[in-house]
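Colleague: On the provided structure of chain A, position chains B and C as indicated by the hints.
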Amino acid sequence: MHSDKIEEFLKKNKIAEQAGGQDKILDQHGKGKLTGRERIDLLLDEGSFVELDKLTTHHYHEYEMQKKKFFGDAIITGYGKINGRQVFVFAYDFTVLGGTLSQMGAKKITKLMDHALRVGCPIIGIADSGGARIQEGILSLDGFADIFYHNELASGVVPQITASIGPSAGGAVYSPAMTDFVIMVDKSASMFVTGPDVVKTVLAEEVSTDELGGAMTHATKSGVSHFVAKNEYDCMDYIKNLLSYLPQNNTQEPPVIQTDDDPNRLDHNLINVIPENSLQPYDMKEIIHSILDDNTFFEIHELFAPNIVVGYGRLNGRTVGIVANQPISLAGALDIDSSNKASRFIRFCDCYNIPIITLVDTPGYMPGTNQEHNGIIRHGSKLLYAFCEATVPKITLVIGKAYGGAYIAMGSKNLRTDINYAWPTAQIAVMGSEAAVKIMNRKDLAEAKDPESLKKQLVDEFTEKFSNPYVAASHGTVDAVIDPAETRPMLIKGLEMLLNKREKQLPRKHGNINL
Amino acid sequence: MIEKVLIANRGEIALRVIKTCKTLGIKTVAVYSDEDYNSLHVKQATESYHIGEAAPAKSYLNQEKILDVILSSGADAVHPGYGFLSENSDFANLCEKNKINFLGPSGASMELCGDKMKCKDVMAKAKVPTVPGSPDLVNDADEALSIANDIGYPVLLKSVYGGGGRGIRLVHNDKELREAYDTVTGESIAAFGKSAILVEKFLEKIRHIEFQLARDKHGNAVHIFERECSIQRRNQKLIEMSPSPVVDQKIRDEIGQLAVKAAVAVDYTNLGTAEFLRVDDGSFYFIEINARLQVEHPVTELVSGLDLVKLQIDIANGEEIPFKQKDLKINGCAIEGRINAEDTFLDFAPSTGPVPDVTIPSGPGVRCDTYLYSGCTVSPFYDSLMAKLNAWGQNFEEARVRLLNALNDFYIEGVETSIPLYKTILKSKEFMEGNLSTDFLQRYNIIERLKEDIKNDTIQKQDAAIAAAVIHSVRYNSRVKSSQETNEYWKSKLDRS
Amino acid sequence: MDYKIADIEDTFNAEIVKQLGNSEYLVKINDNERNLKILNMSARGIEFILDQKYHKVKYLDNTTSQMKIVVDGVPITLNMHNNLNEIVFKNSGESGVGNSQLNLYSQIPGKVVKISISEGSEVKNGDVICVLESMKMQVSIKSHKDGIVKKIKIKDGGTVAKNDVIAEIE
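Chains as they are written, first to last, in our numbering: chain A, 1 to 515; chain B, 1 to 497; chain C, 1 to 170.
Errors might be hidden in some of the hints.
Each computed DSS-like pair below joins lysine-lysine, with the alpha-carbon atoms no more than 30 Å apart [said to hold, decoys possible]:
#1 Lys97/B x Lys4/B
#2 Lys423/B x Lys53/C
#3 Lys230/A x Lys150/C
#4 Lys493/A x Lys43/B
#5 Lys455/B x Lys28/C
#6 Lys451/B x Lys162/C
Derived list of chain B stretches under chain C, where covered just means 3 residues or more per stretch with a C-beta under 8 Å from a C-beta of chain C [what the hints assert, rightly or not]:
#7 151–157
#8 350–364
#9 408–420
These aren't lab readings, by the way, just hints derived from the structure by calculation.
Just so you know, even glycine gets a beta-carbon here, dropped at the ideal spot from N, CA and C.
Bound conformation, chain A alone (with noise of 0.2 Å):
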């Protein structure tokens, strides 16, 4: 019965499957491109995607519009499970008018994102749009702008991850600029404000897509994008990894993903980390990799600002978040950079009730007036303000070197961190042994007969007696100097005995963090 009532409602859901046409999906395919559908299909569980809004329109009459209508116009919007996760998804689809944005467009993702707030699950939109549709004008520029305010309301709220995997000019950059995670697809994206085009035009300036706004760009120079995709296949498996560390919404807790990895697992090796001489540098990660389960070490920001390592791990099964100073990048200083990246991942950690774990050997703040000039002072702040803002359990580890303000900047204890712990090799003080007997020995130096043994020995002296953790282990402001090898079972410790930790914070509409 009603048999021509059902072949319609199939003959339209077929066409709206086609998306933009055969032709034009062979175009996105002979770009080394999938289609919008074709990518949810990759990243949701197998037969779980559920979509909305299917067969929407837009309603636009100028420039003959009507002519060209689309079911879905061009954005697939739905929800579905990640490895049995329930998350919410929309798509870009550039077959369909280039993937550009229209009023109904915005309608459905800001639809979709009121959907994933009131249930309390994360966001994943991927990008591949040619921008604002011109011919619906200021219609689809109040289109992004809602966008970007359910962005804001969702921020801190659920998950936000953003895939880019093709072009996003314009205004449509500053949606996954507030989202929490950008992964861009090497060689198939771009991201920038103004195009190759029109920064020839203004500025005689040539530069190709890529070099100006294209993936490895965005990595390691401006800082936009925190990973970057191979393939398609690895920009699913960054989305489907990530996710896995992060919890639904920030009332619950990150998922607990039981291991085989011993919590009591001893590390003898873990010392022989630290080389003799404190002027060699060694790799940060050796150590992140020992003490947390095995294989679970995910960076993010890798190849940004690499003189600071941050990620996730689990430790004993539960998420944590790591900051370390990494020595063999400018000898693990702080900078501008490194402080951004640092401060947004704390914040992000706070959001979503995940411990922080902060690895210390630094020698203090980048010098010069590169990073003065830039606001050094400025962005250093915001690493302050993020590790006192959080309320998660912090824990701050002194591995080596912490010297004057990057000491106080990386989790020191008055930071309201929960626990201190330095290992023998740790140095805390205002500064090296070396240039604090330059200052306050300058007048004895300048007077001795031989200047280099007494400088040696001053050095000596200093060094016994400031630059080691027994000061501030006699202060109280490291709670216990520790064993590398028991390094792992303390921290876990640690952490069990913060699970239930409750902060009280006076009222306020928010903070004013130096921006």
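Modeller: The following block gives chains B and C in isolation, referenced to the frame of chain A:
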């Protein structure tokens, strides 16, 4: 009487020695490097001492450190195992000097055996036939080249201090010889600290047959049958067995006598092995005496019923060997496979890392000597031998089938192993017929057959694999509680505000 | 979903038809319906009976396009979404199929004792690219394909870890 033995070694051989000492009521002292903190031998010994960093030179080869531990632990004997310091005459002499009972031959006879050139001389005098080769050490590649051309290619470039497959290369022409000369020198220095090369004729289709020797301090000497170790790669043994398919009692007696003669000629005491090459026409050539207890000794233990480590201790205690040659009779057949952590398809490159799960086979006639346990790690600093899997049977066929089944049951996760290769070898017609030679792998295209076998195994399991893939998602429901259940707090929070 | 097993020509189509009981499912593999009963599930893997035959499977690795498992001791690699491979790998130059990929990876850790080629050299499948010293053995790393060496990523005397890129070969 020996009361406390320090084992200057690690891995499965350390465990082996500990086991015999336990049955004899002898205390044991284990030593370990940074890498071996969590090893079984450390946990099973009576006392354990940390001796240094991972690199062998800083730990297991550090004679001063080890001597320190011997003295401070009060050990009165040392078992050097195989490899490391087992054939280091300096160490043997050091022990002797400090009145510590070294479970092996004297430093002097060890030195003689270790010097392949001198040894050859001694054998020539004792009328024990040896392999044609360079009369002395060669000083450089050119000299090696001229000797090679004299005796005729193919030849082996051998480091005089080599062993265990290191410092030895087969070359077929001048070009290869020049290339290999540096490699052999390099490997020898890396493993043994010194290099000195000799050239030896490479004989085709040879079988490697060795005789287990034992000689006490009273001059009594016996051989405890032969072992055939022809299946090798890069001159390292992979599969060994006793008895050899081509050795009957007459040959056993004849060559066994030669082996004993060789031992006497170098005044060898305690346990050792005389290695021979058997050419296709049946003639045997003496190669060398290995002045240590060998990796493949379990094969001999299984067909003789003896505990060779116990015999070592007895001899070191000054006792006489409690049996005569005529008392020894081979019982059944034993085959051993050396389970190495290696990638067969990558030219047997070592494979290292954590081993999260291990299943060790057992059953009638199955013996597995190993240091593996679930959660251990295969270290890149040491030898790739993880386990010795032995099977004994009333005859060759029974042993072969038992070993094959045991290989099927042996599961090692996390590293590449030689288990698939051995299964292919044991199933091959040539192996079943006892048609062995040192070029077994190449001669019978074993690696190609291995690829076929792997493909067939995969096809066998394809349905199960697909089923496992399809059912994969079901696991998430058991591990991750559905969002709905744990989202109660979300709901209640919103309602309240 | 469609699956392809590495080393085997056939493609398999499989899905869960329905759940029969608490841990029992009806699955369909290439038009054959099979009964699957899960005995045990752990962090490592799964034990089940497929049509009266017992199997033990470990899941080692699972990405969007590939699943690595061990079935009764036999390691097997499954590929999914094969029909999209050509499109996805178009720009990245890497095909996940050993021979045409750009990067030559090291399968072992070791120290570089010799680099046998230079940037721009033409190499054939099996040519020695470099020699690493590992566990006192010298191991030659050979090229996985014919091509031209685009970039050498290692240094003489440097250390290489497992899975590090040794060279880019086009």
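Colleague: Against which earlier hints does the structure fall short, listed by number upward?
Modeller: 7
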